[in-house]
Amino acid sequence: MFTHLLLFSIVAPLAAAAVISAGLPVRIAKVAAALGFALPALIALHAWYHFAESAQDHGYAFLAKYDTGLQSLGIKLTLGLNGIALPLFVLAGLVGLAAGLYAIQSNAERLKTYLVLLLVMQGGLMGVFASVDIFFFYFFHELALIPTFIMVGIWGGRDRSYAAMKMTIYLTLGAMLSLIGLIAIYYKSHVDSFDLITLREELLANGLKAGVQNNIFGLLMFGFGILVSLWPFHTWAPLGYGAAPSSAAMLHAGVLKKFGLYGLIQIALPLLPLGAAHWAWTLAVLAVVGNIMVIGFITIAQRDLKQLVGYSSVMHMGYAFLGIATFTAAGIGGVVIMMVAHGFSVALLFLLSTSIYHRTQTFDMTEMGGLAQKTPVLAAFFVTATMASIGLPGFANFWGELTIFVAAWKFSPLLTVLAISGVIISAVYGLRSAARVFFGQPTEAFAKVSAEKPPVDLVWSEKFPALILIVALLFIGFWPKSISTPLNSALGVIYPAPTAQLPADNAK
Amino acid sequence: MPHLDILKAAASSNQWMAIYPELLLGSLALVLLALEIILPKKQHAVIPSVAIIGQIGVLIWLAFNFHTVFLKPEHAYTFSGLLHHSEVGQFMRVFFLLASILVCVLGTIALAKQKMPRIEFFHIVLVVSAAMMLLAQSNNFILLFVALETVTVGFYILVSYFRTNPLSLEAGLKYLIMGALSSGLLLFGIVLLYGVAGNPTLPGSSANPMDFTALHTFLLANPNNFLASIGIVLVLSGVAFKIGAVPFQIWIPDVYQGAPTPVTAFLAVASKAAGFSLLLILTQNVFTPYEKLTTPVLAIMAAATILFGNLAALTQHNVKRLIGLSGVSHAGYLLIGVVAAGSQPLAIGAIYFYLFAYLLASFAVFGVMTHVAGGDDADQDLAHYSDLAKTHPFLGAVLAIGLGSLAGIPPLAGFMGKLLIFVAAFKAGLHVLLVVAIVGVVISIYYYFGWIKAAFFETWRAPLLEGETDLRPMCTPVGIMAGVALAMLALATVVLGCYQGAFGDWLLALKF
Chain Z
400 MFTHLLLFSI
410 VAPLAAAAVI
420 SAGLPVRIAK
430 VAAALGFALP
440 ALIALHAWYH
450 FAESAQDHGY
460 AFLAKYDTGL
470 QSLGIKLTLG
480 LNGIALPLFV
490 LAGLVGLAAG
500 LYAIQSNAER
510 LKTYLVLLLV
520 MQGGLMGVFA
530 SVDIFFFYFF
540 HELALIPTFI
550 MVGIWGGRDR
560 SYAAMKMTIY
570 LTLGAMLSLI
580 GLIAIYYKSH
590 VDSFDLITLR
600 EELLANGLKA
610 GVQNNIFGLL
620 MFGFGILVSL
630 WPFHTWAPLG
640 YGAAPSSAAM
650 LHAGVLKKFG
660 LYGLIQIALP
670 LLPLGAAHWA
680 WTLAVLAVVG
690 NIMVIGFITI
700 AQRDLKQLVG
710 YSSVMHMGYA
720 FLGIATFTAA
730 GIGGVVIMMV
740 AHGFSVALLF
750 LLSTSIYHRT
760 QTFDMTEMGG
770 LAQKTPVLAA
780 FFVTATMASI
790 GLPGFANFWG
800 ELTIFVAAWK
810 FSPLLTVLAI
820 SGVIISAVYG
830 LRSAARVFFG
840 QPTEAFAKVS
850 AEKPPVDLVW
860 SEKFPALILI
870 VALLFIGFWP
880 KSISTPLNSA
890 LGVIYPAPTA
900 QLPADNAK
Chain S
3 MPHLDILKAA
13 ASSNQWMAIY
23 PELLLGSLAL
33 VLLALEIILP
43 KKQHAVIPSV
53 AIIGQIGVLI
63 WLAFNFHTVF
73 LKPEHAYTFS
83 GLLHHSEVGQ
93 FMRVFFLLAS
103 ILVCVLGTIA
113 LAKQKMPRIE
123 FFHIVLVVSA
133 AMMLLAQSNN
143 FILLFVALET
153 VTVGFYILVS
163 YFRTNPLSLE
173 AGLKYLIMGA
183 LSSGLLLFGI
193 VLLYGVAGNP
203 TLPGSSANPM
213 DFTALHTFLL
223 ANPNNFLASI
233 GIVLVLSGVA
243 FKIGAVPFQI
253 WIPDVYQGAP
263 TPVTAFLAVA
273 SKAAGFSLLL
283 ILTQNVFTPY
293 EKLTTPVLAI
303 MAAATILFGN
313 LAALTQHNVK
323 RLIGLSGVSH
333 AGYLLIGVVA
343 AGSQPLAIGA
353 IYFYLFAYLL
363 ASFAVFGVMT
373 HVAGGDDADQ
383 DLAHYSDLAK
393 THPFLGAVLA
403 IGLGSLAGIP
413 PLAGFMGKLL
423 IFVAAFKAGL
433 HVLLVVAIVG
443 VVISIYYYFG
453 WIKAAFFETW
463 RAPLLEGETD
473 LRPMCTPVGI
483 MAGVALAMLA
493 LATVVLGCYQ
503 GAFGDWLLAL
513 KF
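Residue numbers (the working numbering), protein chains in the order written: chain Z, 400 to 907; chain S, 3 to 514.
Just so you know, these hints were derived from the structure itself, not from any lab.
Idealized CB from N, CA, C, for every residue including glycine.
Incorrect hints may appear among the rest.
Below, simulated SDA-like cross-link-like pairs (lysine to any residue); rule was C-alpha separation at most 25 Å, straight line [to be verified]:
1. Lys392(S) x Gly556(Z)
2. Lys475(Z) x Pro347(S)
3. Lys565(Z) x Pro347(S)
4. Lys429(Z) x Pro395(S)
5. Lys565(Z) x Leu384(S)
6. Lys429(S) x Lys429(Z)
7. Lys587(Z) x His433(S)
Taking CB as the label site, the calculated pair distances span [unchecked claim]:
8. Asn887(Z) x Asp507(S): 39 to 49 Å
9. Ile427(Z) x Ala65(S): 32 to 42 Å
10. His433(S) x Val858(Z): 51 to 61 Å
11. Gly481(S) x Gly422(Z): 17 to 27 Å
Input sequences plus hints: build the corresponding full structure.
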């Protein structure tokens with residue numbers, strides 16, 4: 400049973416999706432969906448708890464292999480978790496549970512189809528972070544991505560058709576570039592295997608030529624970069640998140656978007672160190688000037704609450720790219736913690752934004768105000784989420800950003816100073832949005848809406864998913880060791896002490 | 003009586019059992035005509051079912067005897083070397099039989115919407131399928147040409163089958179003229195090769211230069227013959243017509259639009275697959291000494307085909323034209339595989355996997371199209387699909403899976419096909435073609451997704467004014483047979499995308 404643990408976490412949501420689409424009545428379908436979301440979360444927590452004591456092979460625990468018929472190409476479904484994958488696997492499980500529970504309780508039109516798509520997405524997400532085979536890593540990402548497009552198109556808000564189309568084209572382009580990059584690694588390594596462990600061993604022993612590394616890393620950087628909304632390829636993100644239904648936005652911004660960063664950390668950097676060094680400055684400058692500064696100021700100017708959250712998530716990706724560009728174990732570790740923390744906090748913000756929308760009937764912050772008097776719990780939750788997102792100590796985000804800044808200082812003090820000033824920018828828009836929505840006098844428009852239908856405070860169907868996310872944020876915030884211990888061991892294996900330039904005759 | 007001995011010797015290689023699937027299909031076609039005469043008119047509805055069930059019988063027979071044909075090496079060549087039986091040939095037999103069954107299923111639906119004679123349609127489909135099966139196993143230019151002409155003549159009739167519709171007639175005429183031109187090119191190429199290879203003054207010349215093996219020997223001995231080069235290019239051009247590769251793609255949009263939808267499906271899938279199996283036989287077995295000539299020609303063709311197909315499909319509103327032009331781009335991806343197959347045997351398996359995935363996905367889409375189409379078969383607009391997912395969730399889901407697979411989205415079979423082709427192309431070092439292919443895939447997302455968008459996202463909200471009627475044709479209710487076929491196509495597309503199992507292992511090991 401436990402040998403197939405990870406496979407089970409992927410199959411459970413997919414099976415639930417299959418059962419629901421077979422035509423269950425809505426009431427039973429909800430139960431099936433709840434099971435489909437709860438099981439992966441439980442498996443993720445179980446894996447987290449037992450990670451240290453379980454047998455490990457090359458740093459991977461729970462390793463299992465399945466032949467799917469393309470073995471002659473070196474493609475094999477290999478599942479396992481190392482210290483980098485584990486925190487993200489947990490993130491996927493918990494955010495999936497929160498988003499799923501929120502969706503089950505929502506009154507979405509065509510609820511069953513909505514749940515089926517979310518469950519398929521959840522199955523893909525668990526697979527992404529559990530895959531050791533880089534082909535299946537890509538495969539599961541696409542499996543999770545496609546439902547997003549459909550969900551945006553059907554249940555989306557304003558401009559949903561346009562947003563869905565734009566997202567699809569951008570993300571397909573990004574995915575295609577990264578696929579070619581992955582095939583290039585597979586082919587150039589000449590080991591005839593997509594297995595990450597095999598590839599890593601081979602490329603550590605015989606690295607690729609610098610020129611080849613530069614090209615492949617460029618492909619992966621821009622391919623993954625588009626998927627993570629690297630400036631200036633970010634324009635799909637705020638638009639898409641603004642239009643996406645809340646659970647889809649939670650899963651995509653919270654978890655799926657981390658795929659690109661995860662790919663860079665787990666695959667691109669260790670396998671292509673020379674390429675990474677070649678592109679480091681480009682990446683760092685795009686991240687700091689583009690994502691943090693430019694997008695930061697754009698975020699301040701937003702009036703639409705959901706767009707604001709969308710832009711802020713684009714901005715926070717800048718920190719992650721900066722951490723990656725430092726190419727040190729500390730920087731990378733910081734990025735992983737930040738990815739997890741950001742995943743929880745952005746999912747929480749999307750959830751709460753939708754809750755606000757249900758009470759004010761608008762996302763426009765200039766038409767709100769004074770909501771805290773009527774809904775104090777919602778206000779408390781939202782302020783908590785904002786604080787987490789800014790990076791207040793006590794929340795997981797703090798550790799991520801702090802570690803990245805420490806690592807970045809050695810890389811470039813100037814960029815670090817600019818990046819740190821980004822924290823002020825996020826404080827400005829975060830606090831301003833909280834103030835506009837919850838405090839002050841209600842605007843005329845809002846007074847009219849609340850007179851017609853007095854806003855109720857957060858109900859349990861919203862509170863419970865939100866609490867899952869808040870508890871996770873605080874837990875990691877107060878006890879970062881819970882994810883940094885496995886992380887450290889993995890980073891030690893993957894990023895050995897900095898090696899000198901490879902001798903030319905040793906390179907392929 | 004030496005002549006009698008020769009005849010006897012020749013006859014001894016006539017192993018009729020080796021072509022029983024073709025014989026059975028031909029007989030079945032005759033049985034259908036006989037039934038039409040015997041049965042009273044009221045019971046004619048049974049005849050299509052007879053055609054379908056009969057073919058399923060042949061398919062099962064074939065599946066159980068898949069390996070018997072080439073168990074003994076002396077059975078590999080039959081009929082004095084006219085036919086060459088191989089694993090690839092067996093696979094294509096199954097492929098064409100599947101396509102033929104599906105065309106018959108779609109045919110029963112489409113014909114019900116027209117006042118047209120029914121039985122001849124199935125008769126011709128069966129004959130054409132049998133000819134395609136022979137084509138995929140041909141080892142001689144004479145047989146190749148006869149089989150190819152049987153296919154083409156059959157299609158002349160099928161394309162203009164809805165003869166009361168002017169667009170169908172126009173399509174038939176266009177196909178006739180273009181088909182005749184392509185046959186002319188092909189024949190001219192064959193004659194040149196025949197003449198050169200039969201020239202006794204040249205080394206390696208043969209008394210029987212129509213035979214692929216003999217021709218191959220001759221080409222090996224004369225690797226730089228000018229006339230042979232022209233012959234090869236002309237033969238390839240003739241084949242390029244069948245697969246719709248640029249610059250011989252010009253007939254596709256009009257013919258695809260005018261032809262009855264099941265025939266469009268037949269053209270798009272089976273005719274294209276026949277062209278590719280022919281192309282593989284020629285480039286892998288016969289023209290190998292002229293690789294320096296064929297590879298660049300095919301590579302340029304591949305790049306142009308991908309770009310043309312995708313760009314031209316972008317602006318289409320008629321779904322039949324759209325899928326026709328998108329099919330052109332698929333021919334381009336497959337051509338990359340053919341180019342790669344020169345140095346990477348992996349590409350052969352990749353091409354057959356791609357074709358099979360294409361069969362599943364295309365027939366799923368065409369199946370939905372047949373249901374949605376109204377009385378005017380040539381007029382199938384994207385707008386007719388609005389709200390389909392809501393009013394007909396089953397058709398919507400099948401359409402989404404089919405289009406997703408054509409677009410190459412995981413976890414569907416079409417993605418695996420593209421992946422295998424890309425890996426093969428990478429291994430063969432075709433970087434420029436890969437870039438073109440990626441650009442093509444991204445462009446294609448726009449129109450495939452636009453179709454899905456029409457079916458899923460756009461709701462038919464415009465309130466009908468008094469006296470105004472809904473522009474969308476009535477959607478035919480899904481019958482049991484069509485429902486089962488569509489569900490199986492969709493299911494196979496999903497399963498084959500996630501798990502290839504023994505089929506994948508077998509395909510990737512395929513060799514010529």
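How the hints compare with the structure:
1. Lys392(S) x Gly556(Z): holds (18 Å)
2. Lys475(Z) x Pro347(S): holds (21 Å)
3. Lys565(Z) x Pro347(S): violated (38 Å)
4. Lys429(Z) x Pro395(S): This hinted pair holds, its Cα atoms lying about 20 Å apart.
5. Lys565(Z) x Leu384(S): holds (20 Å)
6. Lys429(S) x Lys429(Z): With a Cα-Cα distance of about 48 Å, the restraint between Lys429(S) and Lys429(Z) is violated, given a limit of 25 Å.
7. Lys587(Z) x His433(S): Given pair Lys587(Z), His433(S) holds - Cα atoms ~13 Å apart, limit 25 Å.
8. Asn887(Z) x Asp507(S): 39 to 49 Å: Because 41 Å falls inside the window, the suggested range holds.
9. Ile427(Z) x Ala65(S): 32 to 42 Å: holds (39 Å)
10. His433(S) x Val858(Z): 51 to 61 Å: Given about 57 Å between the Cβ atoms, the range holds.
11. Gly481(S) x Gly422(Z): 17 to 27 Å: With a Cβ separation near 19 Å, Gly481(S) and Gly422(Z) satisfy 17 to 27 Å, so the hint holds.
The structure is inconsistent with the numbered hints 3, 6, although it conforms to all the rest.
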